[in-house]
Amino acid sequence: MSASADLALRTPSPINGDDGAPGFGIYLHWPFCAAKCPYCDFNSHVRHAPPDQARFAAAFARELATMREATGPREVTSVFIGGGTPSLMAVETVAAVLEAADRQYGLPDGIEITMEANPQSAEADRFAGYRATGVNRLSLGVQSLIDTDLRFLGRLHDVTEARAAIELARTIFPRLSFDLIYARPGQTLEGWTTELNAAIDLAADHLSLYQLTIEDGTAFKRLHDARKFRLPEDGLAADLYALTQEITTTRGLPAYEVSNHAMPGAESRHNLTYWRYGEYVGVGPGAHGRFRFENGRRVTMAERHPERWLEQVERVGHGTAEIEQLTEYEQADEMLLMGLRLTEGLDLACYEAIAGRDLAPERLTLLIDEGFVEPLGNSRIRATRAGMVVLDAVVADLAA
Amino acid sequence: MTETPLSHIRNFSIVAHIDHGKSTLADRLIQSTGSLEEREMKDQVLDSMDIERERGITIKANTVRLEYTAKDGEHYVLNLIDTPGHVDFAYEVSRSLAACEGSLLVVDASQGVEAQTLANVYQAIDNDHELVTVLNKIDLPAAEPDRIKEQIEEVIGIDASDAIPISAKSGMGIPDVLEAIVHRLPAPKQGDPNAPLKAMLVDSWYDAYLGVIVLVRIIDGRLKKGQTIRMMGTGAKYPVERVGVLTPKMVLTGELGPGEIGVITASIKEVADTRVGDTITEDKKPTAEMLPGFKPAQPVVFCGLFPVDAADFEDLRAAVGRLRLNDASFSYEMETSAALGFGFRCGFLGLLHLEIIQERLSREFDLELIATAPSVVYQLSMTDGSEIELHNPADMPDVVKIDHIKEPWIRASIMTPDDYLGPILTLCQERRGIQQDLSYVGSRAMVVYDLPLNEVVFDFYDRLKSISKGYASFDYQLSDYRQGDLVKMSVLVNEEPVDALSMLVHRSQAERRGRGMCEKLKELIPRHLFKIPIQAAIGGKVIARETLSAMRKDVTAKCYGGDATRKRKLLEKQKEGKKKMRQFGRVEIPQEAFIQALKMDS
Ligand SMILES: Nc1nc2c(ncn2[C@@H]2O[C@H](COP(=O)(O)OP(=O)(O)O)[C@@H](O)[C@H]2O)c(=O)[nH]1
Ligand code: SF4
Ligand SMILES: [Mg+2]
Numbered sequence: 001m002s003a004s005a006d007l008a009l010r011t012p013s014p015i016n017g018d019d020g021a022p023g024f025g026i027y028l029h030w031p032f033c034a035a036k037c038p039y040c041d042f043n044s045h046v047r048h049a050p051p052d053q054a055r056f057a058a059a060f061a062r063e064l065a066t067m068r069e070a071t072g073p074r075e076v077t078s079v080f081i082g083g084g085t086p087s088l089m090a091v092e093t094v095a096a097v098l099e100a101a102d103r104q105y106g107l108p109d110g111i112e113i114t115m116e117a118n119p120q121s122a123e124a125d126r127f128a129g130y131r132a133t134g135v136n137r138l139s140l141g142v143q144s145l146i147d148t149d150l151r152f153l154g155r156l157h158d159v160t161e162a163r164a165a166i167e168l169a170r171t172i173f174p175r176l177s178f179d180l181i182y183a184r185p186g187q188t189l190e191g192w193t194t195e196l197n198a199a200i201d202l203a204a205d206h207l208s209l210y211q212l213t214i215e216d217g218t219a220f221k222r223l224h225d226a227r228k229f230r231l232p233e234d235g236l237a238a239d240l241y242a243l244t245q246e247i248t249t250t251r252g253l254p255a256y257e258v259s260n261h262a263m264p265g266a267e268s269r270h271n272l273t274y275w276r277y278g279e280y281v282g283v284g285p286g287a288h289g290r291f292r293f294e295n296g297r298r299v300t301m302a303e304r305h306p307e308r309w310l311e312q313v314e315r316v317g318h319g320t321a322e323i324e325q326l327t328e329y330e331q332a333d334e335m336l337l338m339g340l341r342l343t344e345g346l347d348l349a350c351y352e353a354i355a356g357r358d359l360a361p362e363r364l365t366l367l368i369d370e371g372f373v374e375p376l377g378n379s380r381i382r383a384t385r386a387g388m389v390v391l392d393a394v395v396a397d398l399a400a
Numbered sequence: 001m002t003e004t005p006l007s008h009i010r011n012f013s014i015v016a017h018i019d020h021g022k023s024t025l026a027d028r029l030i031q032s033t034g035s036l037e038e039r040e041m042k043d044q045v046l047d048s049m050d051i052e053r054e055r056g057i058t059i060k061a062n063t064v065r066l067e068y069t070a071k072d073g074e075h076y077v078l079n080l081i082d083t084p085g086h087v088d089f090a091y092e093v094s095r096s097l098a099a100c101e102g103s104l105l106v107v108d109a110s111q112g113v114e115a116q117t118l119a120n121v122y123q124a125i126d127n128d129h130e131l132v133t134v135l136n137k138i139d140l141p142a143a144e145p146d147r148i149k150e151q152i153e154e155v156i157g158i159d160a161s162d163a164i165p166i167s168a169k170s171g172m173g174i175p176d177v178l179e180a181i182v183h184r185l186p187a188p189k190q191g192d193p194n195a196p197l198k199a200m201l202v203d204s205w206y207d208a209y210l211g212v213i214v215l216v217r218i219i220d221g222r223l224k225k226g227q228t229i230r231m232m233g234t235g236a237k238y239p240v241e242r243v244g245v246l247t248p249k250m251v252l253t254g255e256l257g258p259g260e261i262g263v264i265t266a267s268i269k270e271v272a273d274t275r276v277g278d279t280i281t282e283d284k285k286p287t288a289e290m291l292p293g294f295k296p297a298q299p300v301v302f303c304g305l306f307p308v309d310a311a312d313f314e315d316l317r318a319a320v321g322r323l324r325l326n327d328a329s330f331s332y333e334m335e336t337s338a339a340l341g342f343g344f345r346c347g348f349l350g351l352l353h354l355e356i357i358q359e360r361l362s363r364e365f366d367l368e369l370i371a372t373a374p375s376v377v378y379q380l381s382m383t384d385g386s387e388i389e390l391h392n393p394a395d396m397p398d399v400v401k402i403d404h405i406k407e408p409w410i411r412a413s414i415m416t417p418d419d420y421l422g423p424i425l426t427l428c429q430e431r432r433g434i435q436q437d438l439s440y441v442g443s444r445a446m447v448v449y450d451l452p453l454n455e456v457v458f459d460f461y462d463r464l465k466s467i468s469k470g471y472a473s474f475d476y477q478l479s480d481y482r483q484g485d486l487v488k489m490s491v492l493v494n495e496e497p498v499d500a501l502s503m504l505v506h507r508s509q510a511e512r513r514g515r516g517m518c519e520k521l522k523e524l525i526p527r528h529l530f531k532i533p534i535q536a537a538i539g540g541k542v543i544a545r546e547t548l549s550a551m552r553k554d555v556t557a558k559c560y561g562g563d564a565t566r567k568r569k570l571l572e573k574q575k576e577g578k579k580k581m582r583q584f585g586r587v588e589i590p591q592e593a594f595i596q597a598l599k600m601d602s
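From first to last, the protein sequence lines are chains A and B.
The first sequence begins at 1 in UniProt numbering and counts up one residue at a time.
The second sequence begins at 1 in UniProt numbering and counts up one residue at a time.
Hint data in this document are derived by calculation from the structure and do not stem from the laboratory.
Among the hints, a few may not be true.
[As the list claims (entries may be wrong)] When the alpha-carbon atoms are kept at most 30 Å apart in a straight line, the in silico DSSO-like pairs for lysine-lysine are as follows:
{"hint": "1", "chain 1": "B", "residue 1": "Lys573", "chain 2": "B", "residue 2": "Lys531"}
{"hint": "2", "chain 1": "B", "residue 1": "Lys522", "chain 2": "A", "residue 2": "Lys221"}
{"hint": "3", "chain 1": "B", "residue 1": "Lys189", "chain 2": "B", "residue 2": "Lys224"}
{"hint": "4", "chain 1": "B", "residue 1": "Lys569", "chain 2": "A", "residue 2": "Lys221"}
{"hint": "5", "chain 1": "B", "residue 1": "Lys237", "chain 2": "B", "residue 2": "Lys189"}
{"hint": "6", "chain 1": "B", "residue 1": "Lys579", "chain 2": "B", "residue 2": "Lys520"}
{"hint": "7", "chain 1": "B", "residue 1": "Lys558", "chain 2": "A", "residue 2": "Lys36"}
{"hint": "8", "chain 1": "A", "residue 1": "Lys221", "chain 2": "B", "residue 2": "Lys575"}
{"hint": "9", "chain 1": "B", "residue 1": "Lys488", "chain 2": "B", "residue 2": "Lys406"}
{"hint": "10", "chain 1": "A", "residue 1": "Lys221", "chain 2": "B", "residue 2": "Lys573"}
{"hint": "11", "chain 1": "B", "residue 1": "Lys558", "chain 2": "B", "residue 2": "Lys573"}
{"hint": "12", "chain 1": "B", "residue 1": "Lys465", "chain 2": "B", "residue 2": "Lys520"}
{"hint": "13", "chain 1": "B", "residue 1": "Lys578", "chain 2": "B", "residue 2": "Lys520"}
{"hint": "14", "chain 1": "A", "residue 1": "Lys228", "chain 2": "B", "residue 2": "Lys558"}
{"hint": "15", "chain 1": "B", "residue 1": "Lys558", "chain 2": "A", "residue 2": "Lys221"}
{"hint": "16", "chain 1": "A", "residue 1": "Lys36", "chain 2": "B", "residue 2": "Lys569"}
{"hint": "17", "chain 1": "B", "residue 1": "Lys578", "chain 2": "A", "residue 2": "Lys221"}
{"hint": "18", "chain 1": "B", "residue 1": "Lys71", "chain 2": "B", "residue 2": "Lys249"}
[As the list claims (entries may be wrong)] DEER-style ranges, computed between Cβ atoms:
{"hint": "19", "chain 1": "A", "residue 1": "Thr194", "chain 2": "B", "residue 2": "Lys579", "range": "45 to 51 Å"}
{"hint": "20", "chain 1": "B", "residue 1": "Lys578", "chain 2": "A", "residue 2": "Lys228", "range": "31 to 37 Å"}
{"hint": "21", "chain 1": "B", "residue 1": "Lys578", "chain 2": "A", "residue 2": "Glu190", "range": "37 to 43 Å"}
{"hint": "22", "chain 1": "B", "residue 1": "Met382", "chain 2": "A", "residue 2": "Gly235", "range": "50 to 56 Å"}
{"hint": "23", "chain 1": "B", "residue 1": "Ser466", "chain 2": "A", "residue 2": "Ala198", "range": "54 to 60 Å"}
{"hint": "24", "chain 1": "B", "residue 1": "Glu592", "chain 2": "A", "residue 2": "Glu246", "range": "34 to 40 Å"}
{"hint": "25", "chain 1": "A", "residue 1": "Asn197", "chain 2": "B", "residue 2": "Ala338", "range": "49 to 55 Å"}
{"hint": "26", "chain 1": "A", "residue 1": "Leu236", "chain 2": "B", "residue 2": "Tyr440", "range": "54 to 60 Å"}
{"hint": "27", "chain 1": "B", "residue 1": "Asp437", "chain 2": "A", "residue 2": "Lys228", "range": "56 to 62 Å"}
{"hint": "28", "chain 1": "B", "residue 1": "Arg552", "chain 2": "A", "residue 2": "Asp102", "range": "44 to 50 Å"}
{"hint": "29", "chain 1": "A", "residue 1": "Thr384", "chain 2": "B", "residue 2": "Arg527", "range": "17 to 23 Å"}
{"hint": "30", "chain 1": "A", "residue 1": "Glu246", "chain 2": "B", "residue 2": "Ala338", "range": "40 to 46 Å"}
{"hint": "31", "chain 1": "B", "residue 1": "Arg527", "chain 2": "A", "residue 2": "Glu190", "range": "24 to 30 Å"}
C-beta: ideal position from N, C-alpha, C; glycine also.
The task is simple: from the sequences and hints, build the whole structure.
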């Protein structure tokens, strides 16, 4: 593949331009997977009998209507169908859900509509069908380009299938992203250099590169506690992170968030809404929403169990299990911890407007002096590269 | 009860090394004389505090009166005074012994003579006691009564030919012990019932219902209900409310005569108002002279006690006040520390006493505490000729104003199987010890060392225990104050001194102690965004240094819309945690780090 062809292929297609506003997104959660991955703590469930998709689609539609009542009419900037494994949804189900969203909110033309998918061939067969329903961005759960590591991660696909799925998706969707999990047991700087470069060669416009994290309640947690495997120690993990920044920057996919990389213009509009502390409604089992409500910000958290969620929606019109009305301080904390994840940083004026106070000016000055945070002018600050890799500590310092 | 003629009274105590069976034997004696109903017998009746019962040590002396009809058909009253078995309470032991005429020397027939056996038996001999030697635990297969008899004769230098073999556990030999008490121990010396009252204050304790109870031994005269008594050491006067004996329940008798041991109550508010060893007399008709040997309790070891949660300070104040009510040898005054906030500087008779008080504060008052490193009392001779007693290294005056410093020394005896002798000698040498004596009894060695107490309060016990696998026994007494090259070692974290960690050390030990502290802190302080130097220094000179390297990675990989709540809650928890940390410039040190760093072991 020639360099120019490579570039041409990867020039982001013009789905709606990012105007820098926080935005308003719709998140739809499909909670089923073919098998549970050992590292995964998402709300995902394995069912032996296939779920009744039509019934779920109707419930999504019903909950969307309820959410629309709560938020009032809004200008939607993105839709995201996540999971679970949304590529287990029938094309009709996706179509029905997107139609329902359009019915409630009126989806503007050309907005980003992302769907997550796994690279198994059976699912890839439906890619064209999904595209026809309006999905214009696919996010593939590739995770690794090494077969033994895919097996360690409990994935059901192999590298050949992953490459095929990427090739296919690239011809179908205007935008393509895929995920990789790195800082795996035994991984070296050399190994990751090769693998990451190979991934970039596959010409997606967006990559999510996550360091492997051991989450509570997962199979990996038990195995790790039992010392069946070891993660790279912090020094190596930090080096792997730095290497990732270096390679992706050189190859034209710089980080725009801690773990997310894109060609300029191909950032995920939907995910930017989370980090810019915009609004979103969450629909489906276990989905969270956050939107303006009665002079404040409301958090909705849905029942996680799919069938219980379904029954509740059918009974009362929504699956919300918990509602929280956030205080100013809580909103400020969330804005801080989300915003500093972004390369574009956080607007201090917005922070102050919500928090009703300055962001710890003395600590901020110290962090700037120490090189963990930098001012960007026009009232913005952001974490430096040194700050990004220890961001949780930086945020804890600023929030204290 | 008071009609018992003196010839039929025996006042005795039991001396033994810890765990040789003193409490078990006392139980058997109480049981076999029927002083308590069977159902009232809990194991080790005399060890009444929880901590004592748990650790099997007797902290507070207690007493019991036994009624015994001997084989000759005569009726006797036996007063058993249980002595605290630990060196910290040596003075209390000496007063308890002074109230008796004889002792049972209990030696474990499988273990033989240990360090406390020696220390206690010499005290009994100093008090002119007759001794009845009892070889306990002969039910054990490892018991070697003949060899131990020889050892007793050789090491202690007393005749052990008529030692009584017993098993306090099974009750075997107990009748022989009772007969020996009656026939081999002397009756109290004839006092004068008509002379002015002269009684010794043997012990006192606080009872929730009766108030302060005082254990007394009458020398001359009679002590009666309604009398006004005077404590000759303190000058305080009290009307006597109750007079009785302990069986071990309190039984009122109305009066006590010469030779008798009993208890009184006299609306005394605090145990602190009573001084062990003091002479009690009648206010109207006082005795001419006090009993010899009285001295007020002197704290030997000091440490700061601070609440983990600053909000508990008032509770701590109330708790130390309550403890002091029942323990005159414990002292306290308020202290403030930049690192630890408000607390108390407390004085103790020794390390065990310190540990007991600390445990009682946490157990009985439910207080979480941080204790600073124990420190001894230093005598500072200043260049202007004045003398200062230093209880707290933080109060150390400017060195240029100090002419010299003296520190307390102890004489320690250590008994050990000779396999461990080498490392024990090395330990004593390391701790600036000066060997005084080394002798062998079979395969056991006994060494006597002079040691600075400062080196012992640090981690000597723990080291001794670990290098001898628990087989060495240790006992000490304070000997004198000696001049030493002592310096104040400060600990600096990120260039800031941490007051709670400063200590006085001998110059020759400073580097070792400094290095130990820096290494420990390096483990205990969490990584920060920047690297943190941890230093130990004398004056301006750094003698040990560690560097805690900066945090390398701390970032959540995935954080989307559904994660915001969880991340915020985590952040709130972190903020809460930070509130509990102590701030030293940019460095936050968790309380837990102080607690661990100040622990003596490790
Ligand atoms: N086998 C055996 N064990 C005993 C005997 N006397 C006491 N013990 C045990 O030795 C331990 C220490 O006894 P204790 O009376 O508390 O000793 P103290 O520290 O001298 O008061 C306890 O576990 C007792 O049960 C005995 O005659 N035979
Ligand atoms: S496919 Fe995705 S959501 Fe499903 S178990 Fe695996 S990681 Fe979790
Ligand atoms: Mg005991």
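Consistency of the hints with the structure:
| no. | hint | verdict |
| --- | --- | --- |
| 1 | Lys573(B) / Lys531(B) | holds, 24 Å |
| 2 | Lys522(B) / Lys221(A) | holds, 28 Å |
| 3 | Lys189(B) / Lys224(B) | holds, 21 Å |
| 4 | Lys569(B) / Lys221(A) | holds, 21 Å |
| 5 | Lys237(B) / Lys189(B) | holds, 28 Å |
| 6 | Lys579(B) / Lys520(B) | holds, 23 Å |
| 7 | Lys558(B) / Lys36(A) | holds, 18 Å |
| 8 | Lys221(A) / Lys575(B) | holds, 26 Å |
| 9 | Lys488(B) / Lys406(B) | holds, 13 Å |
| 10 | Lys221(A) / Lys573(B) | holds, 22 Å |
| 11 | Lys558(B) / Lys573(B) | holds, 19 Å |
| 12 | Lys465(B) / Lys520(B) | holds, 21 Å |
| 13 | Lys578(B) / Lys520(B) | holds, 21 Å |
| 14 | Lys228(A) / Lys558(B) | holds, 24 Å |
| 15 | Lys558(B) / Lys221(A) | holds, 17 Å |
| 16 | Lys36(A) / Lys569(B) | holds, 27 Å |
| 17 | Lys578(B) / Lys221(A) | holds, 27 Å |
| 18 | Lys71(B) / Lys249(B) | holds, 26 Å |
| 19 | Thr194(A) / Lys579(B): 45 to 51 Å | holds, 47 Å |
| 20 | Lys578(B) / Lys228(A): 31 to 37 Å | holds, 34 Å |
| 21 | Lys578(B) / Glu190(A): 37 to 43 Å | holds, 40 Å |
| 22 | Met382(B) / Gly235(A): 50 to 56 Å | holds, 52 Å |
| 23 | Ser466(B) / Ala198(A): 54 to 60 Å | holds, 56 Å |
| 24 | Glu592(B) / Glu246(A): 34 to 40 Å | holds, 39 Å |
| 25 | Asn197(A) / Ala338(B): 49 to 55 Å | holds, 54 Å |
| 26 | Leu236(A) / Tyr440(B): 54 to 60 Å | holds, 58 Å |
| 27 | Asp437(B) / Lys228(A): 56 to 62 Å | holds, 58 Å |
| 28 | Arg552(B) / Asp102(A): 44 to 50 Å | holds, 47 Å |
| 29 | Thr384(A) / Arg527(B): 17 to 23 Å | holds, 18 Å |
| 30 | Glu246(A) / Ala338(B): 40 to 46 Å | holds, 44 Å |
| 31 | Arg527(B) / Glu190(A): 24 to 30 Å | holds, 27 Å |
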